[in-house]
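Combine both chains into one complex, guided by the hints.
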Amino acid sequence: NAGVIQTPRHKVTGKGQEATLWCEPISGHSAVFWYRQTIVQGLEFLTYFRNQAPIDDSGMPKERFSAQMPNQSHSTLKIQSTQPQDSAVYLCASSLEGWGNQDTQYFGPGTRLLVL
Amino acid sequence: GDSVTQKEGLVTLTEGLPVMLNCTYQTIYSNAFLFWYVHYLNESPRLLLKSSTDNKRTEHQGFHATLHKSSSSFHLQKSSAQLSDSALYYCALGQNNNAGAKLTFGGGTRLTVRP
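Chains as they are written, first to last, in my numbering: chain A, 1 to 116; chain B, 1001 to 1115.
Isolated chain B, as found in the complex (with noise of 0.2 Å):
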């Protein structure tokens, strides 16, 4: 089946570092599309960004991530790391197989920016 992985649990940045948060997935079929949702605390998890296009950089509020189907890779990347971003961030998998919508989710990856 398909399956996310996000190989980092946590990460700890000093401000103004280059954030980058790693997703693979694996899926036996090619029109994947995959997205990134961030949950801060005490909110609800939101879509940050998301694509299906191969080899095309997506951008969202500071953060992009560029599909790339031939390592089977989404990895979320920030020039710059805020005090704001200290979030949880999920990559997801939308269901591929045309009988129906469900994401399947990477562990998470806890981000902390400190000063």
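Excised from the complex, chain A in its bound form (with noise of 0.2 Å):
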């Protein structure tokens, strides 16, 4: 079992610039997470979609972040014309139901994204 693979691990962009963050969750898991880490703000929920479904978007930025799920091997985040406030890092998780309040929540080691 690989784990949770996301790619790539570094990215450096400039203001204005787009990114693209991928995650390929683990296989045979339902859900697919998105949480963004900050010193300043610890971990904040993003996305997440169930079994390809979005199901709650509440934590996405609404004008430049963009999510996808569209097969059940892989997740795309989206970030248009980003701003230096937008450097974090992203972290991808998955889990085997996504549903309930108690499922375990697999973690990958994250994007980490520098606009400059």
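Keep in mind that the hints were calculated from the coordinates and are not lab data.
Glycine included, every Cβ here is placed at the ideal spot set by N, Cα and C.
Mixed in with the good hints, there may be bad ones.
[Claimed, not checked] Partial pick of chain A residues on the chain B-facing surface, computed with a CB cut under 7 Å:
| # | residue |
| --- | --- |
| 1 | G14 |
| 2 | T20 |
| 3 | W22 |
| 4 | L43 |
| 5 | F45 |
| 6 | Q52 |
| 7 | A53 |
| 8 | D56 |
| 9 | G98 |
| 10 | D103 |
| 11 | F107 |
| 12 | G108 |
[What the hints assert, rightly or not] Here chain A is said to cover these stretches of chain B; the calculated rule only asks that three of the stretch's residues, wherever they fall, bring their Cβ under 8 Å from a Cβ of chain A:
| # | segment |
| --- | --- |
| 13 | 1042-1049 |
| 14 | 1072-1083 |
[Said to hold, decoys possible] Simulated restraints on C-beta separations:
| # | chain 1 | residue 1 | chain 2 | residue 2 | range |
| --- | --- | --- | --- | --- | --- |
| 15 | B | S1071 | A | P8 | 41 to 49 Å |
| 16 | B | L1010 | A | E44 | 13 to 21 Å |
| 17 | A | A53 | B | Q1082 | 22 to 30 Å |
| 18 | A | I39 | B | H1068 | 42 to 50 Å |
| 19 | B | Q1077 | A | V40 | 44 to 52 Å |
| 20 | B | S1079 | A | T76 | 43 to 51 Å |
| 21 | B | S1079 | A | P84 | 38 to 46 Å |
| 22 | B | R1114 | A | R9 | 24 to 32 Å |
| 23 | B | H1064 | A | L96 | 23 to 31 Å |
This is the structure in structure tokens:
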């Protein structure tokens, strides 16, 4: 079991450029979650999918962030017109059920995004 | 909405001393499910322990926590800190409204254990 895979591990973009982050969940898991980690805010929920369907995107900044899950083996988080305040570690997690409040989430290593 | 508070952002201890990291939460639902995740440098965050049973001690890898619904607390403890315990610790609350499974995290506590 390779665990949750995230690529790239590091990304540097210029202000105004687009960034696409990739996540491959653990095989057999139904749900994929995206979080953002910063020193100031800690871990913030962004969005999640269950069986590829979007369930909750309440944490997503509406204007420049979007997420997709085109198939059960990968999800993408896209940030358009990146800004310096988007600099953070973006973490993807997957869970078996994606339903109920006791489901354990397994995290990937994260993508460290730096916007200059 | 749900919220989790970890009042200490930084905790520095000498090896061998006891560890206690505070976690309190707010939710309108009675079936709270609480988690502690640990994030070591250059690794992925991973589950340390979890509980939904009131007043029952949960243990894993030398750490323990007891969910107290009366005080909405789930403090993480260890009797004797080790150098290898240095990490970022997150307390999290599972979504309670049967509409999903997202976690609400506290701000995190960075534990540094010194020789």
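Hint check:
no. : hint                          : verdict
1   : G14                           : 27 Å, violated
2   : T20                           : 20 Å, violated
3   : W22                           : 15 Å, violated
4   : L43                           : 4 Å, holds
5   : F45                           : 5 Å, holds
6   : Q52                           : 15 Å, violated
7   : A53                           : 11 Å, violated
8   : D56                           : 5 Å, holds
9   : G98                           : 5 Å, holds
10  : D103                          : 5 Å, holds
11  : F107                          : 4 Å, holds
12  : G108                          : 6 Å, holds
13  : 1042-1049                     : holds (count 5)
14  : 1072-1083                     : violated (count 0)
15  : S1071/B <-> P8/A: 41 to 49 Å  : 44 Å, holds
16  : L1010/B <-> E44/A: 13 to 21 Å : 20 Å, holds
17  : A53/A <-> Q1082/B: 22 to 30 Å : 43 Å, violated
18  : I39/A <-> H1068/B: 42 to 50 Å : 29 Å, violated
19  : Q1077/B <-> V40/A: 44 to 52 Å : 27 Å, violated
20  : S1079/B <-> T76/A: 43 to 51 Å : 44 Å, holds
21  : S1079/B <-> P84/A: 38 to 46 Å : 44 Å, holds
22  : R1114/B <-> R9/A: 24 to 32 Å  : 30 Å, holds
23  : H1064/B <-> L96/A: 23 to 31 Å : 25 Å, holds
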